[in-house]
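Visitor: Each chain is listed here by its residues.
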Amino acid sequence: MANTAVSAPTAAPSAPFQKVVTAVALAWLLPGAGHFFLKRPIRGAILSASVVVMFAFGLLMRGAMFEWLWTSADMLTTLIYCGGYIANNAAGVPYYLATWMGYVQPDVAGHVHDYGTKFLAGAGLLNVLAMVDAYEIVTGEKD
Amino acid sequence: MNLSLSHFEAAILFALLTSLVFGVVTKKTDQERIKYGLQTFGYFVLALFGIAWAMKLGHG
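Chains C and G are the protein sequences, given in the same order.
Sequential numbering from 2 applies to the first sequence in this note's numbering.
Sequential numbering from -13 applies to the second sequence in this note's numbering.
I should point out that these hints are in silico values taken from the structure, not numbers from a laboratory.
Quick reminder that beta carbons are idealized off the backbone N, C-alpha and C, glycines included.
It is possible that some hints are incorrect.
[Claimed, not checked] Pairs of lysine-lysine residues, derived as PhoX-like cross-links and limited to a Cα-Cα distance of at most 25 angstroms, are as follows:
#  : chain 1 : residue 1 : chain 2 : residue 2
1  : C       : K119      : G       : K42
2  : C       : K20       : G       : K14
3  : G       : K14       : C       : K143
4  : G       : K42       : C       : K20
5  : C       : K40       : G       : K13
6  : G       : K42       : C       : K40
7  : C       : K20       : C       : K40
8  : C       : K143      : G       : K21
9  : G       : K13       : C       : K143
10 : C       : K20       : C       : K143
11 : C       : K143      : C       : K40
12 : G       : K14       : C       : K40
[Said to hold, decoys possible] Listed next, with one range per pair, are the computed distances between beta-carbon atoms:
#  : chain 1 : residue 1 : chain 2 : residue 2 : range
13 : G       : K42       : C       : T23       : 47 to 57 angstroms
14 : C       : Q19       : G       : F(-6)     : 30 to 40 angstroms
15 : G       : S(-10)    : C       : V22       : 34 to 44 angstroms
16 : C       : A26       : G       : H45       : 45 to 55 angstroms
17 : C       : M76       : G       : A40       : 25 to 35 angstroms
18 : G       : S(-8)     : C       : E68       : 20 to 30 angstroms
19 : G       : T12       : C       : Q19       : 25 to 35 angstroms
20 : G       : A40       : C       : A26       : 16 to 26 angstroms
All chains, please: the whole structure from these sequences, using the hints.
Guide: This is the structure we're talking about:
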């Protein structure tokens, strides 16, 4: 006779996945929000402040945003522009807000503009680290 | 409003914010995070002065 005492199913597999997606998506869109969602407010505040301040300084220094420029003629140019575009997008809402509000800055010579461009891309890359950290927290790899 | 920072100021600001994030995301305990953040900032500053002197000496 078949055993009817079937153990109760464990937690629905979609629940942790949803939490992972929510944490990482929040971390991307609003810098630091993934950590707030995971109840790490101090780390979230530090990450949020770092990314937003770096992005704001990039704007104040009139840094240029990268465009998606795919050219087979020059792979280095493709790498710089496409990589920069991805880095800019990784900053999340600050980037979308700036472009939506009409921030346009052509790439001009000068060390301040140049630093500004790096600050804008750097803010996105720091946010990528925050996203990875949020992922590691939600999957239990990190406290 | 346009902000005009010197090379040194901009590089120090970049180092400070990057070190903060590195410290927060890399280590497991708060003490380790603070130590690693300070260490990273120190390395940034060291590299900044090292590269600056290398460029100065390289240009003669």
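Visitor: All hints are to be evaluated individually against the structure, with a verdict given for each.
Guide: Taking the hints in turn, this is what the structure says about them:
no.	hint	in the structure
1	C:K119 / G:K42	holds (23 angstroms)
2	C:K20 / G:K14	holds (22 angstroms)
3	G:K14 / C:K143	holds (7 angstroms)
4	G:K42 / C:K20	violated (52 angstroms)
5	C:K40 / G:K13	holds (18 angstroms)
6	G:K42 / C:K40	violated (48 angstroms)
7	C:K20 / C:K40	holds (13 angstroms)
8	C:K143 / G:K21	holds (18 angstroms)
9	G:K13 / C:K143	holds (9 angstroms)
10	C:K20 / C:K143	holds (15 angstroms)
11	C:K143 / C:K40	holds (13 angstroms)
12	G:K14 / C:K40	holds (16 angstroms)
13	G:K42 / C:T23: 47 to 57 angstroms	holds (51 angstroms)
14	C:Q19 / G:F(-6): 30 to 40 angstroms	violated (47 angstroms)
15	G:S(-10) / C:V22: 34 to 44 angstroms	holds (42 angstroms)
16	C:A26 / G:H45: 45 to 55 angstroms	holds (48 angstroms)
17	C:M76 / G:A40: 25 to 35 angstroms	holds (29 angstroms)
18	G:S(-8) / C:E68: 20 to 30 angstroms	holds (29 angstroms)
19	G:T12 / C:Q19: 25 to 35 angstroms	holds (27 angstroms)
20	G:A40 / C:A26: 16 to 26 angstroms	violated (43 angstroms)
Checked against the numbered hints above, the structure violates hints 4, 6, 14 and 20; every other hint is satisfied.
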